[in-house]
Amino acid sequence: MPVLLEATLKSVVLIFVLLTGFAYLTLTERKVLARLQARIGPNRAGPLGLLQPVADGLKLIFKESITPAGVDKPIYFLAPVLVAVPAIIVFAVIPVGKGPAFQLASEINVGALYIVGVMGVAVYGITLAGWASNNKYAALGGLRASAQVISYELGMGLSIVAVVLMASSASLADIVEAQMPGNILGWFIFRQPVAAAIFAITAMAELARAPFDLVEAEQELTAGFMTEYSGMKFALFFMGEYVKMIAVSALFATFFLGGWSGPFVDQAPILSVVYFTIKVVACLLLMIWTRATLPRMRYDRLMGFGWKVLTPVAIANVIVTAFLIALGVPGYQ
Amino acid sequence: MGLKEVLTRIVVGFATVLKTVTRRPVTIQYPEQQKPMSARFRGRHHLKRYEDGLERCIGCALCAAACPADAIYVEAGENTDEERYSPGERYAKTYEINMLRCIFCGYCEDACPTNAIVLEPIEFPTGYTRESMIYTKEMLLESPPINVPATPQRTPPGKYDRAILPFPPIDESQ
Ligand code: SF4
Ligand code: SF4
Numbered sequence: 359m360p361v362l363l364e365a366t367l368k369s370v371v372l373i374f375v376l377l378t379g380f381a382y383l384t385l386t387e388r389k390v391l392a393r394l395q396a397r398i399g400p401n402r403a404g405p406l407g408l409l410q411p412v413a414d415g416l417k418l419i420f421k422e423s424i425t426p427a428g429v430d431k432p433i434y435f436l437a438p439v440l441v442a443v444p445a446i447i448v449f450a451v452i453p454v455g456k457g458p459a460f461q462l463a464s465e466i467n468v469g470a471l472y473i474v475g476v477m478g479v480a481v482y483g484i485t486l487a488g489w490a491s492n493n494k495y496a497a498l499g500g501l502r503a504s505a506q507v508i509s510y511e512l513g514m515g516l517s518i519v520a521v522v523l524m525a526s527s528a529s530l531a532d533i534v535e536a537q538m539p540g541n542i543l544g545w546f547i548f549r550q551p552v553a554a555a556i557f558a559i560t561a562m563a564e565l566a567r568a569p570f571d572l573v574e575a576e577q578e579l580t581a582g583f584m585t586e587y588s589g590m591k592f593a594l595f596f597m598g599e600y601v602k603m604i605a606v607s608a609l610f611a612t613f614f615l616g617g618w619s620g621p622f623v624d625q626a627p628i629l630s631v632v633y634f635t636i637k638v639v640a641c642l643l644l645m646i647w648t649r650a651t652l653p654r655m656r657y658d659r660l661m662g663f664g665w666k667v668l669t670p671v672a673i674a675n676v677i678v679t680a681f682l683i684a685l686g687v688p689g690y691q
Numbered sequence: 017m018g019l020k021e022v023l024t025r026i027v028v029g030f031a032t033v034l035k036t037v038t039r040r041p042v043t044i045q046y047p048e049q050q051k052p053m054s055a056r057f058r059g060r061h062h063l064k065r066y067e068d069g070l071e072r073c074i075g076c077a078l079c080a081a082a083c084p085a086d087a088i089y090v091e092a093g094e095n096t097d098e099e100r101y102s103p104g105e106r107y108a109k110t111y112e113i114n115m116l117r118c119i120f121c122g123y124c125e126d127a128c129p130t131n132a133i134v135l136e137p138i139e140f141p142t143g144y145t146r147e148s149m150i151y152t153k154e155m156l157l158e159s160p161p162i163n164v165p166a167t168p169q170r171t172p173p174g175k176y177d178r179a180i181l182p183f184p185p186i187d188e189s190q
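First to last, the sequence lines map onto chains A and B.
Quick note: my numbering has the first sequence finishing at residue 691, numbered continuously throughout.
Quick note: my numbering has the second sequence finishing at residue 190, numbered continuously throughout.
Treat the hints with care, since some could be wrong.
Lysine to any residue pairs mimicking SDA-like chemistry, simulated, CA-CA at most 25 Å apart [claimed, not checked]:
no.: 1; chain 1: A; residue 1: Lys417; chain 2: B; residue 2: Lys51
no.: 2; chain 1: B; residue 1: Lys51; chain 2: A; residue 2: Gly407
no.: 3; chain 1: B; residue 1: Lys35; chain 2: A; residue 2: Ala558
no.: 4; chain 1: B; residue 1: Lys51; chain 2: A; residue 2: Leu391
no.: 5; chain 1: B; residue 1: Lys20; chain 2: A; residue 2: Arg659
no.: 6; chain 1: B; residue 1: Lys20; chain 2: A; residue 2: Val671
no.: 7; chain 1: B; residue 1: Lys20; chain 2: A; residue 2: Lys389
It is worth saying that the hints were derived from the structure and are not from the lab.
All values reported here derive from a predicted model rather than from experimental measurement.
The following block holds chain A by itself, in its conformation from the complex (with noise of 0.2 Å):
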């Protein structure tokens, strides 16, 4: 029973932290943008705007949710959901701080499938809402979302597939480990850049974030999949969007940044709390750096860039960081 209580109470935590996140992390992406693009930024809510989420949480509550004639509407009601849950339960594995009170179910030893299998789920929840929507722009969004999302998935389960051969571990706790011979040159980021790299992108890919944003891209397919959701449904897409970010960042920060690790962890270990936190958010603000950078991609260069470089390339590496170990080259053991 302990352990149930243990886990509930550390759920619990955990999700308020990644609502709380989700909430500021919009208003640090308005602020940052505003700031690469020399504008102000919202700043009108409470003291430096702060107080911005709730405004911009409490005007959505209150919308009118509108639910379109025509929709099927148990798959309607669904896909908000499917897309926001497994954006949130992707943070049971990941281990963000140093021993076991701070990390929930990160010594499994199929973590790394677990996450690649939760995040595909998520796919589902778009194309159905596309579908569900009865509206072309909607329906247009979801199939290319699928389409998108299958072809990156790809590339990123690859990038995955050499940390863990790296780590001859598919548990995050071990992997993290795997990272620490005592420099920062364990990390992965060194020992597997075209790794990272590849998981980089596809990220951003996965995300549907710029310069990947062809599934909402507004020119063309008004907010793509998104197009018939209102209120608090709309809510929740953009909160699974946000926690994905959240999301892959604490992946990449695990895989390639050598997760929690970093000087004084041992007699501290609250420290390591603080540098996953701080990985996370340097990776996020890369993201949001991204977006005020790259221009949107064409979409059937999206695509060729994904089955023609993106996978020969992760597959290519898979198999030199695969000779690599056998050979016994140092670093690679």
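Starting from the known structure of chain A, fit chain B with the ligands onto it as the hints suggest.
Then chain B with the ligands, alone, in the frame of chain A:
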């Protein structure tokens, strides 16, 4: 374009965007902070009064005739000694300027024989609808000096026979 050039361009792009952070924002906190008007901006129209509270405008519609944008509409009314708005026979019963048509050239100001209409850069006309941008006489007319009654006034017979001269004299400084 080779791979190297593509990568260089992407890196240059990222650097360019990052450099923007050091720039001052080009946007401003609008209601509190306002961009200065052009030094040549003449401002919007105000209908002036004499010191005794009477309106300067005599409803002659010379301004409307001079207006290149056809933005002014004047309808004259008759003054009586019991109900006097301005010196002389007539006053402007209706006086409207369509601020959306006006090009702020100031020709109306030059045309006016009594210096009644004056452009002053105090505020800029703004509004949410086209209707609200047609400024009526009430919106244009300035309030009378302190302790002076507004129009219409009851005036002694014979005092304000002339619309322009000899009384009251035109205050050239206005
Ligand atoms: S400023 Fe020019 S355009 Fe405007 S009302 Fe006067 S004469 Fe007409
Ligand atoms: S503002 Fe001047 S020009 Fe226009 S009607 Fe009045 S007196 Fe005549």
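Quick rundown of the hints versus the structure:
Taken as a hint, the A:Lys417 and B:Lys51 pair is broken in the structure, with Cα atoms around 31 Å apart against an allowance of 25 Å. At roughly 23 Å between alpha-carbon atoms, B:Lys51 and A:Gly407 fall within 25 Å of each other, so this suggested pair holds. This hinted pair checks out: B:Lys35 and A:Ala558 have alpha carbons roughly 23 Å apart, not beyond 25 Å. Between the alpha carbons of B:Lys51 and A:Leu391 the distance comes to roughly 23 Å, so the proposed pair stays at or under 25 Å and holds.
Restraint check for B:Lys20 and A:Arg659: satisfied, since their Cα atoms lie roughly 19 Å apart, inside the 25 Å limit. Simply put, B:Lys20 and A:Val671 have alpha-carbon atoms about 17 Å apart, close enough for the 25 Å limit, and the pair holds. Restraint check for B:Lys20 and A:Lys389: the C-alpha separation of about 33 Å exceeds 25 Å, so the hint is violated.
Consistency with the previously given hints fails for numbers 1 and 7, ordered from lowest to highest.
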